[in-house]
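Colleague: Same order as they appear, the protein sequences are chains A and B. Using my numbering, the first residue of the first sequence is number 0, and each one after it goes up by one. Using my numbering, the first residue of the second sequence is number 0, and each one after it goes up by one.
It should be emphasised that the hints constitute simulated quantities derived from the structure, not laboratory data. Predicted model only: the values in this text are computed from it and were never measured. Please note that the accuracy of each hint is not assured.
Note: identical chains are not told apart, hence a pair may lie in one copy or across any two.
Unchecked claim - Using 20 Å as the maximum straight-line C-alpha spacing, the simulated SDA-like pairs for lysine to any residue come out as follows:
#1 Lys203 to Met0
#2 Lys10 to Ser146
#3 Lys128 to Leu79
#4 Lys189 to Asp179
#5 Lys43 to Ile83
#6 Lys43 to Lys86
#7 Lys43 to Leu79
#8 Lys32 to Gly126
#9 Lys128 to Thr41
#10 Lys10 to Pro172
#11 Lys258 to Arg9
#12 Lys122 to Met22
#13 Lys122 to Glu40
#14 Lys154 to Gly213
#15 Lys258 to Asn311
#16 Lys122 to Ile83
#17 Lys86 to Thr41
#18 Lys128 to His29
#19 Lys281 to Ala51
#20 Lys122 to Thr41
#21 Lys128 to Gly39
#22 Lys157 to Met0
#23 Lys231 to Gly12
#24 Lys231 to Met253
#25 Lys122 to Phe35
#26 Lys231 to Ala202
#27 Lys154 to Thr124
#28 Lys43 to Arg87
Letter by letter, the chains look like this.
There are 2 protein chains.
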Amino acid sequence: MINKLISRIRKTGAPIVVGLDPMPAYIPEHLMKAAFAEYGETLKGAGEAIFAYNKGIIDAVCDLVPAVKPQIAMYEQYGLEGLIAFKRTVDYAHEKGLVVIGDIKRGDIGSTSEAYAVAHLGKVTVGSKQYAGFDEDFVTVNPYLGSDGVNPFIKVCKEENKGIFVLVKTSNPSSGEFQDRLIRSTDGSKDRPLYEIVGEQVAKWGGDCMGTDGTYSNVGAVVGATYPEMGKILRELMPKTFILVPGYGAQGGMGADLKPFFNADGLGAIVNSSRGIIAAYKQEKYANYGSEGFADAARAAVTDMRDDIRENAL
Amino acid sequence: MINKLISRIRKTGAPIVVGLDPMPAYIPEHLMKAAFAEYGETLKGAGEAIFAYNKGIIDAVCDLVPAVKPQIAMYEQYGLEGLIAFKRTVDYAHEKGLVVIGDIKRGDIGSTSEAYAVAHLGKVTVGSKQYAGFDEDFVTVNPYLGSDGVNPFIKVCKEENKGIFVLVKTSNPSSGEFQDRLIRSTDGSKDRPLYEIVGEQVAKWGGDCMGTDGTYSNVGAVVGATYPEMGKILRELMPKTFILVPGYGAQGGMGADLKPFFNADGLGAIVNSSRGIIAAYKQEKYANYGSEGFADAARAAVTDMRDDIRENAL
Chain A
0 MINKLISRIR
10 KTGAPIVVGL
20 DPMPAYIPEH
30 LMKAAFAEYG
40 ETLKGAGEAI
50 FAYNKGIIDA
60 VCDLVPAVKP
70 QIAMYEQYGL
80 EGLIAFKRTV
90 DYAHEKGLVV
100 IGDIKRGDIG
110 STSEAYAVAH
120 LGKVTVGSKQ
130 YAGFDEDFVT
140 VNPYLGSDGV
150 NPFIKVCKEE
160 NKGIFVLVKT
170 SNPSSGEFQD
180 RLIRSTDGSK
190 DRPLYEIVGE
200 QVAKWGGDCM
210 GTDGTYSNVG
220 AVVGATYPEM
230 GKILRELMPK
240 TFILVPGYGA
250 QGGMGADLKP
260 FFNADGLGAI
270 VNSSRGIIAA
280 YKQEKYANYG
290 SEGFADAARA
300 AVTDMRDDIR
310 ENAL
Chain B
0 MINKLISRIR
10 KTGAPIVVGL
20 DPMPAYIPEH
30 LMKAAFAEYG
40 ETLKGAGEAI
50 FAYNKGIIDA
60 VCDLVPAVKP
70 QIAMYEQYGL
80 EGLIAFKRTV
90 DYAHEKGLVV
100 IGDIKRGDIG
110 STSEAYAVAH
120 LGKVTVGSKQ
130 YAGFDEDFVT
140 VNPYLGSDGV
150 NPFIKVCKEE
160 NKGIFVLVKT
170 SNPSSGEFQD
180 RLIRSTDGSK
190 DRPLYEIVGE
200 QVAKWGGDCM
210 GTDGTYSNVG
220 AVVGATYPEM
230 GKILRELMPK
240 TFILVPGYGA
250 QGGMGADLKP
260 FFNADGLGAI
270 VNSSRGIIAA
280 YKQEKYANYG
290 SEGFADAARA
300 AVTDMRDDIR
310 ENAL
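Chain A with its partners taken away, still in its complex shape:
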């Protein structure tokens, strides 16, 4: 699956993933009104508004970017109707040729982790039949439980040719509370922060699940754009690991901050922007599009982000 992502990055020339995080405050009023007129102020109404919003964004950007990343929490909060909107979004993005990264940050142990992997990347067996639950291409995974938590995902990735991105250094201000703690060396070398230890382990896990041409692994890492110096170290520690980089734009990261996340081949990273694209119409810069023009504003924001990355990061 990493090779499919790379081939789409090459085709679009844009190592960008659009985060489909439909916060209620971002959804244009006319879409809300239309959904409520048809379904009332119900969970189904909310789900319909979310899907209409996502569909508008996907239609506007699908020729410009390789991938989208729906954040499942934003759907899960609307219960089953929200998850129906999530599934419709995954399916619609696939119809439009996009790679889908499910931002689910799941992680458990053994058969439970395998059940999550089956839910999102694989197929579940029911009697003599098999069904895909949510059917994303990649998902994000939390490493806190160690190999027992990650290996079941890798097993399913191998069976289905799918991939994962493991959290290493997240983009948020308090990510250092645990991730930056200095771990005492056991071999006389210098002490290193936890995120480096996790990064090294991600590279190790990844060695067991390489993409078809052997350049990059189907096991990627999440490293926040807000920490470019740590990104540089992690890029060196994990040379064959693709890095999913959140934190661009609204969270403070800029094009030049992204440089350390890429390899010399111009690959190795894919940068996420959510709010900065899907709610671009709320920014002064794109205000002329108005809320009815949210999709065109998103397209303009993607173009600007692509140019920023091309000029300042690659």
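For chain A, the structure is supplied; the task is to place chain B on it using the hints.
Modeller: What follows is chain B alone, placed relative to chain A:
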């Protein structure tokens, strides 16, 4: 909510939570057959079999235990139909007076963590209306992203009088890969493992969200029964923190191993068993119940577990 849990523990005299992890291999054949006869070998059929299985267990144990803990991964793998079965299980357990701990191990940052909290513990706003998505009483939370990830859960816990259990030291063999790493002290005191640092932070978070009588916090911790010596240290570090203890029975923990997890008041811990109860009918000890008697076998296993804890742990 912690006070409701404590009052039910006192009433039943059993600090036990029954893990509702309906692995396909555990579900008795007659329930599978009945569901497939009605709905075919479909995801809906699987969901119906799961719910029938859970209902049997809940009916058999609801007067003996304070709580159940459905593991959402086991439902999520059947997609939307699985999650319908999850929601029906939560609602049915509530009807039977049980406290419901959603084992969801979610964790993200800011508004995303808040969306998970709203999904599982709170209410989402749709226009002028509010709806509960999944409506558990407690959920499990992953701490890897730090305070930015946990505080939004605490916010919702305060609003709704609900609770969380934060992963500190998990029961699996590889949990030490990151959790046991020695963190270099910054104040000249001795180096300590990551799980102690996380445990201390859990106690700090918990101080801000105490139960109504001030004895225990609505912010609990997960510490595996398989690590009793670490449990002892964590019990002292987090005196007002309730500990959810997985790993009893099938994962190797025994009654005597549980002693360190309890406080002198006989409270402070609730022990989970999943397979050991819900699939008791598959053990030699309870084989006489047969698969048709799976619910009675579960009841017998709960009684034995309660006696083991009373005799050896309290």
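Colleague: Against this structure, judge whether each hint is valid.
Modeller: Comparing the hints with the structure gives:
1. Lys203 to Met0: within (18 Å within a copy, 42 Å between copies)
2. Lys10 to Ser146: Classified as neither; 35 Å inside a copy, 40 Å across copies.
3. Lys128 to Leu79: Between copies, since 17 Å is at most 20 Å while 24 Å is not.
4. Lys189 to Asp179: Intra 15 Å, inter 18 Å, cutoff 20 Å: intra and inter.
5. Lys43 to Ile83: both (9 Å within a copy, 15 Å between copies)
6. Lys43 to Lys86: Answer is both: 14 Å inside a copy and 16 Å across each meet the 20 Å cutoff.
7. Lys43 to Leu79: both (9 Å within a copy, 14 Å between copies)
8. Lys32 to Gly126: Result: close only across copies, 9 Å inter versus 43 Å intra.
9. Lys128 to Thr41: Classified as between: cross-chain Cα gap 8 Å, same-chain 34 Å, threshold 20 Å.
10. Lys10 to Pro172: This pair counts as neither: shortest intra-copy Cα distance 34 Å, inter-copy 44 Å.
11. Lys258 to Arg9: within (17 Å within a copy, 59 Å between copies)
12. Lys122 to Met22: Between copies only: 15 Å across chains, 30 Å inside a chain, cut-off 20 Å.
13. Lys122 to Glu40: between (34 Å within a copy, 14 Å between copies)
14. Lys154 to Gly213: within (18 Å within a copy, 46 Å between copies)
15. Lys258 to Asn311: Within one copy only: 7 Å inside a chain, 59 Å across chains, cut-off 20 Å.
16. Lys122 to Ile83: both (18 Å within a copy, 18 Å between copies)
17. Lys86 to Thr41: both (18 Å within a copy, 18 Å between copies)
18. Lys128 to His29: For Lys128 and His29, the Cα distance is within 20 Å only across copies (18 Å; inside one copy 42 Å).
19. Lys281 to Ala51: Intra 18 Å, inter 49 Å, cutoff 20 Å: intra-copy only.
20. Lys122 to Thr41: Classified as between: cross-chain Cα gap 13 Å, same-chain 31 Å, threshold 20 Å.
21. Lys128 to Gly39: between (37 Å within a copy, 10 Å between copies)
22. Lys157 to Met0: Result: close within a single copy only, 10 Å intra versus 43 Å inter.
23. Lys231 to Gly12: Answer is neither; intra-copy 22 Å and inter-copy 55 Å both fail.
24. Lys231 to Met253: within (15 Å within a copy, 47 Å between copies)
25. Lys122 to Phe35: This pair counts as between: shortest inter-copy Cα distance 18 Å, intra-copy 35 Å.
26. Lys231 to Ala202: within (15 Å within a copy, 34 Å between copies)
27. Lys154 to Thr124: For Lys154 and Thr124, only the intra-copy Cα distance (16 Å) is at most 20 Å; the inter-copy one is 39 Å.
28. Lys43 to Arg87: Answer is both: 13 Å inside a copy and 18 Å across each meet the 20 Å cutoff.
The earlier numbered hints that this structure contradicts are 2, 10, 23.
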